[in-house]
Structure formats: C-alpha cells, structure tokens
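One-letter residues, chain by chain:
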Amino acid sequence: MARYGMVFDLRRCIGCNACVVGCKQENTLPDGVFFTRTLSEEYGVFPAVNRVYIPTLCNHCEDAPCEKVCPSGATYTREDGIVMVDADKCIGCGSCAVACPYDQRTELSKDLFTQGLFGEGELTPFEEQGYSRFTPGMVTKCDFCSGRVDAGLDPACVVTCPTDARIFGDLDDPDSKASRLIRERGGRPPLPEKNTSPKVFYVD
Amino acid sequence: MSANPQSPQNSLKSGRWMRSTCKMCLHSCGTIMHVTDEGVVNKIEGDPTNPSNNGKLCPKGNSAIMRHYDPKRFKQPLKRTNPNKGPGVDPMWEPIGWEEALDLVAGELKKTIEDDPRKILPSLEDFQKMHIWNWPLAFGNRNCFQSGGTMCGGAYHPVNGIVHSAFAVANDVKHCNYWINDGTGDGFSSHLHAAAQSNWVANARIDRGMRCVTIEPRLSISAAKSEEWIPIRPATDRHFALGLCHVMVAEELCDYRFLRKDTNAPYLVGPDGYFMRNADGKIYVWDSANNCAKTWDDETVGKLALEGTYQVDGKECQPAFQKFRNILDGCSPEEMEKITTVPADTVRRVAREFAAAADIGATIEIDGRTLPLRPAGYNYYRGAQGHKHGFQTNHAFKMVNFMVGNIDTPGGLMGVTLDDQWIDRSHVELGENGMMKPNPHQLGPVPPFAYPPNSYDLLEYFPIGLHPPHLNLEVFLNPEKYGVEYKPDVMVICHSNPIWALQGPREKWFEFMASMRFIVVCDIIPTETTQWADVILPAHDALESWNMTMIEPPHTEGMCMRQPATAPLYDTKSEEDIFYELSERMGILAAYNEVINMILGFHHKPELMLEPDKKYTDKEIARRRGLLWNDKDIDWYIEHGHSVTERRSDKWYRPWEGMRLHFYIEDALKERDTLKANMEAANVPFRHDWSWLDYQPLPTAILDPVHEEPPEYDLYSIFYKDIQMNFGESLSNPWIKDIVYRDPVHIALILNPKTAEAQKLVQGDIVRIDSPYGRLFGRIGTSEGMHPDTLGVSNSLSRAKTGHSKVAHAGGHYNDLLPYDLRNTDAVTGQPETVCKVKITRLDDWPEVLKNGGTVYDIVDEISEPGKGRKH
Numbered sequence: 000m001a002r003y004g005m006v007f008d009l010r011r012c013i014g015c016n017a018c019v020v021g022c023k024q025e026n027t028l029p030d031g032v033f034f035t036r037t038l039s040e041e042y043g044v045f046p047a048v049n050r051v052y053i054p055t056l057c058n059h060c061e062d063a064p065c066e067k068v069c070p071s072g073a074t075y076t077r078e079d080g081i082v083m084v085d086a087d088k089c090i091g092c093g094s095c096a097v098a099c100p101y102d103q104r105t106e107l108s109k110d111l112f113t114q115g116l117f118g119e120g121e122l123t124p125f126e127e128q129g130y131s132r133f134t135p136g137m138v139t140k141c142d143f144c145s146g147r148v149d150a151g152l153d154p155a156c157v158v159t160c161p162t163d164a165r166i167f168g169d170l171d172d173p174d175s176k177a178s179r180l181i182r183e184r185g186g187r188p189p190l191p192e193k194n195t196s197p198k199v200f201y202v203d
Numbered sequence: 000m001s002a003n004p005q006s007p008q009n010s011l012k013s014g015r016w017m018r019s020t021c022k023m024c025l026h027s028c029g030t031i032m033h034v035t036d037e038g039v040v041n042k043i044e045g046d047p048t049n050p051s052n053n054g055k056l057c058p059k060g061n062s063a064i065m066r067h068y069d070p071k072r073f074k075q076p077l078k079r080t081n082p083n084k085g086p087g088v089d090p091m092w093e094p095i096g097w098e099e100a101l102d103l104v105a106g107e108l109k110k111t112i113e114d115d116p117r118k119i120l121p122s123l124e125d126f127q128k129m130h131i132w133n134w135p136l137a138f139g140n141r142n143c144f145q146s147g148g149t150m151c152g153g154a155y156h157p158v159n160g161i162v163h164s165a166f167a168v169a170n171d172v173k174h175c176n177y178w179i180n181d182g183t184g185d186g187f188s189s190h191l192h193a194a195a196q197s198n199w200v201a202n203a204r205i206d207r208g209m210r211c212v213t214i215e216p217r218l219s220i221s222a223a224k225s226e227e228w229i230p231i232r233p234a235t236d237r238h239f240a241l242g243l244c245h246v247m248v249a250e251e252l253c254d255y256r257f258l259r260k261d262t263n264a265p266y267l268v269g270p271d272g273y274f275m276r277n278a279d280g281k282i283y284v285w286d287s288a289n290n291c292a293k294t295w296d297d298e299t300v301g302k303l304a305l306e307g308t309y310q311v312d313g314k315e316c317q318p319a320f321q322k323f324r325n326i327l328d329g330c331s332p333e334e335m336e337k338i339t340t341v342p343a344d345t346v347r348r349v350a351r352e353f354a355a356a357a358d359i360g361a362t363i364e365i366d367g368r369t370l371p372l373r374p375a376g377y378n379y380y381r382g383a384q385g386h387k388h389g390f391q392t393n394h395a396f397k398m399v400n401f402m403v404g405n406i407d408t409p410g411g412l413m414g415v416t417l418d419d420q421w422i423d424r425s426h427v428e429l430g431e432n433g434m435m436k437p438n439p440h441q442l443g444p445v446p447p448f449a450y451p452p453n454s455y456d457l458l459e460y461f462p463i464g465l466h467p468p469h470l471n472l473e474v475f476l477n478p479e480k481y482g483v484e485y486k487p488d489v490m491v492i493c494h495s496n497p498i499w500a501l502q503g504p505r506e507k508w509f510e511f512m513a514s515m516r517f518i519v520v521c522d523i524i525p526t527e528t529t530q531w532a533d534v535i536l537p538a539h540d541a542l543e544s545w546n547m548t549m550i551e552p553p554h555t556e557g558m559c560m561r562q563p564a565t566a567p568l569y570d571t572k573s574e575e576d577i578f579y580e581l582s583e584r585m586g587i588l589a590a591y592n593e594v595i596n597m598i599l600g601f602h603h604k605p606e607l608m609l610e611p612d613k614k615y616t617d618k619e620i621a622r623r624r625g626l627l628w629n630d631k632d633i634d635w636y637i638e639h640g641h642s643v644t645e646r647r648s649d650k651w652y653r654p655w656e657g658m659r660l661h662f663y664i665e666d667a668l669k670e671r672d673t674l675k676a677n678m679e680a681a682n683v684p685f686r687h688d689w690s691w692l693d694y695q696p697l698p699t700a701i702l703d704p705v706h707e708e709p710p711e712y713d714l715y716s717i718f719y720k721d722i723q724m725n726f727g728e729s730l731s732n733p734w735i736k737d738i739v740y741r742d743p744v745h746i747a748l749i750l751n752p753k754t755a756e757a758q759k760l761v762q763g764d765i766v767r768i769d770s771p772y773g774r775l776f777g778r779i780g781t782s783e784g785m786h787p788d789t790l791g792v793s794n795s796l797s798r799a800k801t802g803h804s805k806v807a808h809a810g811g812h813y814n815d816l817l818p819y820d821l822r823n824t825d826a827v828t829g830q831p832e833t834v835c836k837v838k839i840t841r842l843d844d845w846p847e848v849l850k851n852g853g854t855v856y857d858i859v860d861e862i863s864e865p866g867k868g869r870k871h
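Chains as they are written, first to last, in numbering that gives the first Met the number 0: chain U, 0 to 203; chain X, 0 to 871.
In isolation and in its complexed conformation, chain X is listed as follows (with noise of 0.2 Å):
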C-alpha cells in the first residue's frame, strides 16, 4: 500500500471511543465520542449498537464539537454592570465567582418568593432533564415563559393523550406501505429522531417500496422524496383531511368491526352532545339486529348501530359515527377543495389509495399475538396542526386513521411515550364506561381553576392544554383585562431562547423583558436572551455533563446515557449543580428533591428515592434512572451506552387491548361546561370572549380566522425548518452555517415565480413582509416548489444579532408576524396560530439596521462569489 500522507484523520488518532447519547436536539441518539490522548474530542459518530439510530447521526448531530469548543462559550459566571438592557446592548458582563453568582441569584429568587412565588418567570426547556424542567414546581410556581408548547405541539400532544393516552404519535415503519405525512417532516427532515427515523423510512421506501404522500403548501423534503406532493394552501389541512374521511365514508372504505368494537363511535350521543346514559350512567348503544337500546357492555347486543337516528328514554340521539357523518355530509372533496385548492380528483384517489393500502380485515402474527394489520397511515405535525382550530385538526387527522382502524396497529399510527419510564407504569388506563382514559396532560397536570388567574398565561383556562406562552404577552399588555394580582419580575431561564422563539412581535417581548426586575440564564452561549440577563450561570455542555435519558423515539425504547467526554473546559457547572445549589440557598431542597421524585417516576422503586436534604450529582440522578430502567448501574452504561431495544410489542400495539378509544372526544363537552360554570360562578370579566364554539366532539370544516385577515393582507406566510436546524439553534454551529447559506430554500424569502410576477417582484428584491401584527425584512427568491398562495420563510432567517459572532442579522423574524391574542388561540389547548396573512412591499434599499454588513444576506452574498481554487 503506497504512502498516505493525509493521515491520520480524526478518527484514527490516538485515543479513546467513549459511548454517549447526542444533545443537539431534543432527542436522543446514541453516539461514540473519540478523544485523542491529549484529550481533545476530535469526531462523534452514531453508535452502531442502538438501535434507534443504528449508527447515524444527522447534520447537527456530527457537529456537536463545534459547541463544545465554541470560544464564544461562557467560561465563568458572569454579572451585568450595564444597567441599560435591550437588544443588542452590550451588558458589559463582569466575571464573578460562583459563590457570589449563587448567592446573589439566590437572594434575588428568595426576595421574589417570600413576596409571590407566582411572581416568577420560569422558561427551563431542556427535555432530556425534565427534572430541571420541574423545578419551579419545589416552590409552587405553575408559570411558564418557554416557547415549546406552542411552537412544537400544543394541540397535537393533548390530543395524542386523549386518543393514544402517549405524547407524540408516528407511523408503524416496519409495516407501514402508505405514509402520508402532513405539515411534518417525519422520516425525512425533521422531528422524532431524525436521523434515526430517515433511516428506517429510507429501507422502508426503498427496500419494501412503501408509498409517501406529502401534504404541504412547499415542496419540503419529504415531498420531494414522496411519491406524490399534494401541494396545499396554509391552513387547511383539517378540510384535506375531512375530504378524505368524507369519501372513505361514502365509499364504505370503513373498519367498521374496529369503529364498532375498539371505539366509541357506536355510542349513543343525545341532543346536548353528551353520550346517552341511562339512571346508572352507563351509555348507550343501538342494537340494530334486536332494534332496541342496549347498554353499551350488554353482552346480548346483536349488532352495534354506527348510523341512524333513534328514540331513547323520549330523546333524539345518534351514533357518534352518525354524528360524524352528518359533519362530513358539509366536506365532500368539491366544498373542500374550494379552502384547500386540492382537486377533488386527488381526494377522491388518496382516500381511495389508503383505504386500499389499509388492506382492512387482514391480520398479523406478531410474538404470538394476532392483530389487525393496516399498513396505511396518515401522520402530521406542526405545519399541519399548527392552527387556532388546532384540538379540530389533530382531531381530524385521527379520524382518518379512526377510518381505517390503525390505531397502534401493526402499519398504522401509533402512540409514542415522551419518556419509556411510562411504558411499564400505566401509561394506559381504563377510564369509564368502558373507554381509556384520556390522558391529554402529558407534561402534568392542569392547575386547579382560580380566578384571578395564578398562572401568568391562563394555564388554568385550558383543561385540555399545554401552556399557552404567547399569552403571556397578552396577558403584560392587557393585565386589567386578565385580573391578574400580580407582574412577574423575575426569569430564571435555562437551554431557551424564548426571545428568539416566542411568536408576537418583538417589540412587545423586548418591553416584557425590560419589565424584569431580575433575569438569570443558565446557558453555554451567547443568545437573544442571554443579553437581557443580570447574571449568567453557565453550564457544561453536552460532552462534559452526565445524564440518562430517553426521549419520543419511534420504534425503540430504553435509557440512553451521557458521559463527560472530556472535563470541564470552563469554570461551568452541571445544571444539577447550579439548581442544587440555588435551592439549598432558597430553603426549598427537600420540595425539590420530592419534585424529582415524582417527575423521575423514583418513587416506583423506593430504594431510589433521592433524600430530602442532600444534594446529588448529575451522574448520580443519571445512575438512578438507569437503575429504574433495567436495575443495571452506571458503569454497566459507560460500558453498553444504552440500553435501548427494539420496542416490546405487547406495549406497542394495542396496549389498550379490550378498551374503547375516543372516536368522539366527549371530553371536550366536559370541560367547556365545567369551565365555564367555573367562570360563570367567579364572574370571569373574560368569560364572553372566551371560544366556547372551539370545543367541539368531532372535528367540523370551520374556518380558521387566519382566512378572515382584512383582504390586503393578499398572500399566507409559512415558517420552515429541514435537519440541519430541527428543534434548537444550531446557527452559531460555523459547520451547520456552511451548509445552511448554501442551500437556495434557506437564503431567500421564498414565492412561486407566478405569483412574484403577479406581485411585479424579481429575485432579489428587498422586500418589507406586513402581516396584521408585525413585520419583518427580506430578499426575494422563487421557487416552482412554493404554493403560488405562500410565501415561505425559512427558520435560518429569523436570528438577530447576539454577540455571538456566527450569529448573522436576518432582517426580523416570522414569528414577529403571528399574533399572541385570544382570537388567534385555540380555547380548548392553547395552541395559537402558526400561518399569517401577509403584504409584501418592494424598497429600493435595505433599512437602516441592516445596511451595516454582516446581516444574513451578506454571508449568502460573501459565499457565492466565485474565487480561485473553485472556491466553494
């Protein structure tokens, strides 16, 4: 073999394989970490033996080493001593050292709650430690200031509770030979283990010829490796998906054994909308073969009606099938295509193709057990249910798989636990009348209904929610109009970035801020919030830091460990530490080591219950989790990394076996009435404004105020992710910069050609984006893949500048565009609407802001200019 002058390459250098769990988004990959014999971390790749990811990782995941050695990290604790805050003023940071910052932010927390415990601000937003996400919970504080709920899912996870009692949902990959995928990027770009997932998707589509159908207003990922993109307008997705159900009805494409045995859709619903119960209030049903009411477990019932109309104990009532029917009656793929501009033609086709693929009535041995096999799913996410109506979207897009009976099914859509802890801990239970319990709370439980409200975004308000953080906003604007007692004046903060990511203009966020008596961040570098903060407590990263987790992976369950790569490289601390450490300061140890107790699921085996007045480690809370898992300790994990396994399928399909789902969520009926009689009997000012239509049992073709904007408002705007910036930031990462700036769907406002024309606007124009409650700046560029309705905004243009020096100005943010009121939230999550009316104007030159240099757009310019040596 000749000579090889070029080596060694990183991964061949002298050193060590370490096994770790990647943190560069919210999920969990299994990774080896090489450190060279000086100690330097010089490659991560997938660890081959998980086999979630099986040995992949994507973009962000391979450049987690630019986080760790990023030099703008924060190296000590710092203080502000710029009294004067606002973005983009340096808070001119003094080094402090870490007695003093704890003290002095103990100090700080314990004034605020000796006053007002309600008076803080907590926006904690690390889901692989989600015992630090709880911690405010040690001193009664329900307030939440962090953007997740409402950016990711805040219709979609309640809605996942009441239907799967689980957090997210995915198709069934192994079986599935149908997958639509609505608004999301699943299996392509983005969400569940993205690279894991593509993964699977790829074999699937390749290896088993699995068909893909993609249902976005923009040609993402996922639509250009589908078989077939369905371009779509913004917003309409919930009447696609009603067209869908109306011709698979029509058609009889229907499981009516599944709708009529593992559902509630043969229950009798009455004219008030609640189910039919007789004196003991056991529900009703039709026997069709008999022609008499029964009750529902009667074992002498002949038939279950699904259809008709009948006379029970002298009232008028129907099956809830029945009731769906006469929605769908209203949604024929005609009516339908007048909102979404889908050709009824296409309708008709994929409810045909999926029903087809469904292959309803054929089962599957899997370890014993027969099951239904349904190879056809229908999966979604942000884009699609991002909407006012969002409890009627994600409704919606479950009917359609209510149609074909793949609920965790074998093929189908499944449930997906946000933490494997619950797999084994009645993450199912029989609720009444023979149906499961619906379990729509799945980051905990509401807070009881008060008025004036306690929570500072209405919390209480949403018995089906998450939290509503854009109505914070709201509510610091209009505090008369809420009743609230009191303001917040504290944040703490910690791995978020709510003045990034919070939507509502930011003008009106830089005023809440500059409203904050105190604000503490906990973070590694440098972002639009840390520049608000008094002090700074910096953490160790993900290479330095211990922990176990396991978060929404779609087809494998088990703990994944994080080890420290190398030792601190800074005068860090783990976030553990710096939360012990306050709470010791606070008083509040033994609450808070109770909270952990409880979020940790410790208390299910009581030998690992932490002790009231001590403080643990992060490798100590990771040993325990492990021990909870599969009662190996930690060094079996620094040896095996993980303890992942492919799912359990008595846990995975149908763990709900015997039980009925929620086809009708009569819930939602339930909750309005106990709200507003709550309201009503504590003179609620707010309780006339209040969307009490949007609770509905079955999903209806209402519009979404987004289509009411005033008319010269004449295009919809959408906000897009890929991989290479799913969930957190990863901007400041110089190698996801070089690939981002490259990629012409990332550097440019984004419209189809005709509609630029239409809109007398060419390929780079400098553009001012209006929408009725904000406004953002921009370049122009087209592209055929764009809804000629839609102008598309990648995520790679929203950052401002952070003193951070990766971290480009790009003219605004699209979230600036979304409005934060009630008219625009969902009454029954919270979830408020993601899709804006906008108008564009041409300027003749950039603003004044960004006529500096080193905005976005400078970058994308910088890097296209040919240069010698094929300059890339």
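For reference, chain U alone in the conformation it holds in the complex (with noise of 0.2 Å):
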C-alpha cells in the first residue's frame, strides 16, 4: 500500500494560484472556500527584500488532530494515508478547526449553497452538477483529490501547476519524485513542532 504525500518546491512556485483555482474547478468549492491556497510572505528590507510564496493544503498528518478530535467518526484515515471527511457524518462541529494547526479546514456554511458563486442566490449549472457532494454546515477539507488517485491520476492542482511545483507521490517508495526530493533537497514539514507527522514536505 502507498502511503502518499506531497512536496512543495518553493523555487518553482510562481504563486499564480492556478492550483486554487483548479481545485476550485474539480471539488466544486463555493465561494471564498479552498482546499489549497497560495500564501506570499514578504521578507528583508529594500533593496535586500524578497518574497517567498508557499503553497499549503491539507497536510495528511500521519498523527492528525482533526481526525483525533472528530467526534462522529466522520474525519478518518485511509489506508493510504489521505485523511478522509465523510460528509454524511460530517455534524459540522468545527472541533477538528480548531484543532488543526495549519489552518485547513473551512465550514462550508448553508448559505454558500444558496447564494451562489455569484452571489445572485441562484447556483450554477455547474454548482448544480458539484455541491451535492458535500452537506451544507460540514467542515471539511483537501482530500488529496482521492477519487483521482484512486483512478490513477494526480490531484488537480498537480496537473495544472505551471511550473510543477506541486509533486505527488508514493512517500515509502524511495524511487518516487516526491521521495527523491525530500531526500536530495532535504524536504521540511510545516511546523514540525506541531508533531503531527506531516505528509507534505517543503523543498527549496
């Protein structure tokens, strides 16, 4: 079994935000929702000043708060390691919010799926054909693009990433991309002091 993670190269992240938009596009999300997101932080003083865009997501803990946090058993781990929101058990408490360090997961609010992309309180066609897989007042997140994986394919933001960025993998395999780099770049998980075991890895 794999056990998939991801592995950000920030020397090539451009901070475009196609991922975002392209998780947008395949997950449905309504408005001022994100599964991914694209954060820029401006560092120095001028001239000696740059900026660094990170991308973040979900990041799959190996030890994840949410999932420990979950009440209804919704939030749950696959064999794999993508950690899973059942939307059907889902009972929209919001612990798992608070206790996810990395600031992942979104409530999906009931009038999301009223007002519209919009905002004219009428959905889509689109939005039609895409909301019935979540339950309004759930709290949810990334899930890896599981239903894509589990077909063979990369997550959404994978593929659409201008400058491939973005690199999914099989951690236990030594041989994958995304081990490769960890390994040759030397890949840090966001805020390691959290120990939660990360699945996404930063190189750069």
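Hints may be right or wrong, so weigh each one.
Result set (EDC-like, lysine to aspartate or glutamate): computed pairs, CA atoms no more than 20 Å apart in a straight line [claimed, not checked]:
id, chain 1, residue 1, chain 2, residue 2
1, X, Lys436, X, Asp649
2, X, Lys800, U, Glu119
3, X, Lys12, U, Asp153
4, X, Lys71, U, Glu127
5, X, Lys74, U, Glu119
6, X, Lys71, U, Glu121
7, X, Lys753, U, Glu66
8, X, Lys109, X, Glu93
9, X, Lys74, X, Asp102
10, U, Lys109, X, Glu861
Keep in mind that the hints were calculated from the coordinates and are not lab data. Only a predicted model underlies this, so the values are computations on that prediction, with no experimental measurement involved.
Take each chain as given, in its own frame, and dock them per the hints.
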C-alpha cells in the first residue's frame, strides 16, 4: 500500500494560484472556500528584500489532530494515508477546525449553497452538478483528490501547476520523485513542532 | 480501498473529454474540456499533448467555466430604452429578436457609411479572430478606438518588426542561461502564453540552473523568483540598458564578428545621418585592411571598420557602430545611475555577467546546421517600453542583445510571429543594400498620408507605428487643431472594453461616448463599455463556438482548434454570424470576404478562398484555417485538438541568414523626412508641434517628459498585473476575484514604508492620488518590495461598477492619471507614456461615491475578517 504525500518546490512556485482555481473547479468549491491556498510572505528591507510563495493544503498528518478530536468519526485516514471527511457523518461541530494547526479546515455554511458563486441567490449548472458531495454545515478540507488518486491520476492542483511546483507521490517508495526530492533537497514538513507528522514537505 | 464519500470529483463523473483551446486571454493554450452526460461543462484542464503548454493552465484558464455559466451573460439581443447614458446609468434594456437587432444595427451603420464611412469608430479587439478585428476594411475604414496598441506594445511591436520582422520577442528558453526580464513577467506571470512559458522557464531555472535577473520598480513575481532583483526608478529602463552597452563597448565584450557580418553596424553614416551611398545607391563601408571605402558587397573588403572617422566622397563619415559609441560616451554607469538609481557597480557587474554568459564565439549544432550559441537574452515588455520615447527605448533594449550577437540565435532574443501562417509565407524578406526588409507594421500597412487626416487617431502620421487610440481623445477635444473634417458618430465594439482600458481621464472619455449617435456592442457580459451601448449583440462564449488560431507562441508553431463544449446556453451568435449578417444587410458581403481572404491568408491556397457572396460559419472559417496550415480537415482537428509542434529550427533560428539586421535604423530618418515633406506640402498646421527629434536612428539618453512634470508631483506611479489578470478582463470571475483580493499586492496602493513615513502616511490611510491629468482614490498599503520613488497601483484596483455583481468600484483607474496628448506620445510609433508623476493627499474619509459599500476595499475588509471554522 502506498503512503501518499506531496512535496512543494518553493523554487518553482510562482504564486500564480492556478492550483487554487484548478482545485475549485475539480471540487466545486463554494465562494471563499479553499482546499489549497498560495500564501506569500515578504522578508528583508529594501533593496535586500524578497517574497516567497508558499502553497498550502491539508498536510494529511500521520498523527492527525483533526481526526483525534472528531466526535462523529467523520474524519478518518485511508490505508494509503489520505485523511478523509465523510460528508454524511460530519455534524459540523468545528472541533477539527480548532484542532488543525494549519488552518486547513473550512466550514461550508448553508448560505454558500444558496447564494451561489455569483452571489445572486441562484446556482449555476456547474454548482448544481457538484454541490451534492457536500453537506451544508460540514467542515471539510482537501482529500488529495482521492477519487482521482483511485483512478490513477494526480490531484487536480498537481496537473495544472504551470511550474510543476507540486509533486505528488508515494513517500514509501524511495524511487518516487517525491521521495527523491525530500531526500536530495532536504524536505521539511510545516510546523514540525506540532508533532503531527505531516505528509507534505517543502524544498527550497 | 476504503469508501470514498467525497467522490466523484468533477473530472471523474460520467461524461466525455473534448479537446479545445483556451480563450481566457488572447493566447491559445491547448485544453481538454470535460462535459457530463447531462451536458454540463465541469472541468477544464490543459491538453498534455500540446507541446506549448504541456497540460498546464494558468488561473485564468482554469476559470473559463465561470465565464460560461455567468448568470449576468447577455442572453438575447438588447435594445436601450433609457435615452440617458452615463456611467452607472441603467440602460433599461429591452430584449429584442435577432432580426430586429441586426436590421437596426445594419441600418444605423449603413446610414453613417453612406454619409461618411470614416465616421465609424471600431473597437474590435479579438486577437484570436483577426478576421473580425479587420472587418472595417470592408468599407475602407481605418479608425481604431481599441486599447490594444498602447497598453501593450505600441513601440515594442514596430521595433520588433524592424529588427526581427516579427511581432513579439522571447528569449530562447531551450538554451538561455542568463535571462534578463526588464519590465515584463515573461516566464513568471504574464505576456506570451503565461502558463506555457512559466513551465519552460521553471524547468530551465531549476533543471539547468538558468540565472534570472529582473529589472523593475517593484518586486514582481519575476523579481521575487529571480536570482537578482534590480529596483529601478520608473521610466528609466532605457538608461539602464545604455549603461550596459557602455560597459560592453568600453570593455570590448561584444560579438564583433556578428556586428560586422550580420548587421549594418559597419555601414558608413554621413553628416546628415543617412548612410553614405555611391552614385548607384550602394552603401559604403570602410575597409581598414586596405584603408579605403568600398561598397558593402565588395568582395575585396579585407576588414570592415566598426570604429573611426573617415572621409568619403568629400564627406566626413563614421561606421554606425562608432555613432553608437559616441552616444555611449555619455552613458557611463555613473551618469546613468543619476537617472535610474541603479548603482554603477551593479550595471558593470551585470554587463560583464551577461557578456560572459553569452559565451561569444561558441557554436551549437542544431538539425545539421552549425549556429552561434549565445545563451543570454535581455527580454522586456510593456512596463519597460511604454514610454514617450518608446521607439528609442525598445531600440536600446535591442542594442544590449546586438552587443552579444544573440538576435534570433540559440539562447538569445528570438522574434515571435503573431500568427504562424507567416512563418512559411515570407515573414523575412531581403531589403535594400543587403539588409533585411524592415516590417514595422505588424498589424497591416499604415494608411497613405492625408491632410486633413482620415484616421481620427492620426494613424497616417505614425509611419512606423501602431494605432495610438489615446489620440482619439486629443483630436475629439481639439478638432480644429488637427483639422479633422468629420466627427465619428457610431461605434462598433466587439470583445473590447475601451472605457475601462483607454488612458486619459474617464470624465473626458465619457464626453466622447456621450457624443455618439449610436453604439453597438458585441460581447458576453456587462462591462464599463456595454452600459453605453444602444444595442447589445450577444456573442457565444469560447465554450460554445469554433475557432482556429495560434497567437505568439514562444517555442511552438501550429494551429489550435476551439470547438463547442455545449450548445449555446442562450440566444447568442458567433462573431462570424453577427458580422456576416451585418455585412449582408450593409451590402459589403463581397468586400468582407475579400478582407478575410487577405487577412487569414486564404489567397495562398486558392481553393480555400471564400466566395464573394456567401456567408460562412465560425466552423467553416476554422476548418479552412486548419487546411491552410497542414491540409488537415476539421475532423482531424476535432480528434487531435491542435497541430502544434516545436518550432522548426530553420524557420526559428536566424531565418534571415545572409541578410544584415538593422543595428542602425536609417528608416527612422527616411520616414521622418517623408512625413515632414508631406506635412510641409500640405501645410499641416500642427507640424511645428510634431516631435521631430523622436526619429533617432540610434537610441539616446534623452529623458522622457514624465520626468519633467511640476515638482509638486513628487512620486512616480506605475500600474501592474500578475497572471490572474494577464491581458483581458477577469475580475468579474468569482474564482479570480476569490484569489486576487486575498493577495497583499492587489488590495492597496503600495508605497515603500520609508516613503509612506516621509509622506506622513500609514497603512490603511484613505488617499486621493493626483497626477497632472487625473485622479483616483484608494487606500495605502506598504511593501519593502517597492522602489522608494514609486507608488504602485494594481490592475485589480481599476474597475467601475458595471451592473455585473462581481465587479466592485475601486475608486478610479490608474489610466485616469495618464496623459493623452502629443507631448507624451512617441512621434515615431504612437506609443504614449504609461508612467506618471503623482502627489498623494490623505483624506479623513472616502468621498461620497465610495461610501455606499460594495467597493473593492469593502470586499477586502469582509474577507479578511476571521470567522467560525477558519473562514479563509
């Protein structure tokens, strides 16, 4: 069984947000909801200043705080390491959102599904065909496009990334591109002090 | 495998994939579209078989579905019932049928054509359909109201046409090792095939270690990702480039073999600036081996002199290279630093690094041909070139490349054709005296000289230029000065939003719009411009229509097909149907078909030529374009989506082999003197105001007039976009809006913190920005990534409320701050100044018009409030 993870190449990422929008189309995300985001941070003082673009998504932690606190069992980890949220079981309590140290949980409030992406109080055919996978009020997140992964495809954010800054793969396979990058360029997990054992790594 | 309650994702639903082409900007990335069994388009990805974008799409390309299903799309033809027009005034649309709409529009157009066809002002701006763009030629109209020329490359394209005989340029990413970006986001955030080029450039950066250097007043994405950001004072990029040339010439770092053999740098220039010619018109060079003048093609020439002063036919003359050297004497890095603020040491180091990376003398074998290898390129675009002295500025950037012999050479700066049909159809031709024929008019020939002018934007007076649409306003406000005999009274607008994009104060453009008798707009959704229309003719969107195109691909060539993913959602038509129906009703059908045959090149294969009296569908035009490229019929394209391949090396690298390139642009003088003589003969009253000094055969260090504005305007201001806003409108798109207004560089007017402090401003202050020409309102943000002399204004802060629920008022538009006069217009190319000087006034509160909510700043505040469940 594979153990899926993702590596972000910070040298490649140009902060364009194609991943963010690609994710929105793949997952029919309502307005203001993100399964992945690209943050930017400026450092230094003019003229010795730079900006780093930092892609983020659910880190699919081995020791996932969101799973631990979930009272309904909606959050669970698949055998391949993907942390899932069962829309039918989620009671929308928001404990996971509080527990997640990475700000990766989002409550899908009911009005998102009535206001629509254009805020006109009507849904587009695109939304109508896609929103049924969510339960209004649930608190959800990225699932590494688990359906695509099951079909042998890379997550949507990975295939569209113009600079190939997102590398998805099996962390247990030492020959996967993800494993090699982590090894060769010193992959670092986000906030290691949180002891969550993320399966997402950054190289720069 | 455990159950997957979140499945199915959109791309996995039962349905089918179809190949097509993106139209979220003017370029043409290959796509695959997923359509569900119920007929809903629910996923668009990049086409992995297209070698241009390699399966990648930018955020805009990823958001096309939201344009398709936009509830504010025009759903049927509309007629205005409110006679009052103005910004924010509801036109009170009345739905009408197509027959009525087309009869009405054709009737109004015909009325004007019978009166005076010049009275029509077209703004047809679909780069993917040049056969629509050029429709006005069918009734002999050469007017232009669209914004394309000035806000992108008004001087860039003509100078590319002279030097490369091509429309655009790009560094050769396959071999380049030292990539300079000056005022452009190529390879990172904008311009040519942004997603595709970002992929190529990222691979070159990471896999091959290509070094990038970005010169810009702000820390753009390109700058942030480059090994080096060189902050520069706005509108001084030419001086930086001249500083580099100074160092390379002084330290003899140039490719002298290239300059002697492949350019006119050795041609002798006489006292009048023209080349020295013998009685037969042959140009002289100096043979320093035999110490005498010979004609350029004399086979006995021992060594061509690049430097020195000589006497030929009793006149003192110098090689063109020496002439440039004379200019460079005054362009030391120390002198240029006073203008650019870039330290002289930096200029010297970059010049040395650039020349060393160019590896002068190296060769490479490509497809059996031994070519020079010059893996260093100085690339540039809108921000760096958009100045009053745009012609000289573009020429200066070219000169940096000339110095190392990298023009159209592996690793260097490559000419990129607008449309690939020209690659095989003589885009490069031999001109006089061994030189390549200059081809500055990449969008068609300039109309012949006339006074009074026929073109309302004075195009006939810009012999090396593109349309200068800002001058429509200058002429409108001063008709007597320019002697125009007519006033346009009808506008035909298609996929163009001039009232958003044109430079000069909105209020004055509103006056212009209000003076129109009739305005027809063909578009998809409401914009700042559609609210002025009398009739809306709604077009299919790009997921409902056919097309075949390829626009400016930097490394590939071939045709990309667009096909419908769904039947039209509403009662809309293709642009072809609309303009054919109008043409038939106006009695210009045969003329229009002749125009299309010429513009699309169907005359190259006579069997493809359109018949005079027939109307053709978008699919049929697309089919013929495919056949013209590779003899494949539309069914082949439906299966394959495109015929894109990497560029053929013989057409891509040095296609002008054996000809000499225009290091020295003598044509600038020829065109000046021809225009001058014509203006004298016609007694044109404004000829004395014409900037005759702009016509320089070599770039000089003259300052652009923006540097000479009154001192109270103490800051420079620049305008910028990133990939989410690359080219056309996208802020009405909810997915784009969702990312743009979370990005710190797109939600405030940006100052360097030290500048803010000196101005007694803090982050969040509401301010009024005044230039000598206009004003805007906004809120201050700070960033260390801004040159201290500069106020940065994002394109995200430029919209006015339009009736589209997603478009929010931003408090004005940067373009309001820009001039539209002759003083700030390059007399050679028509390029206007796109940098301005401003002063900032702190306000206690927003002006009334921005107090009612729904502004960009209200949106920003709303989405940055924390909420339950980590509201993002």
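Violated constraints from the hint list, given by number and in increasing order: Hint check: 7, 8 fail, others pass.
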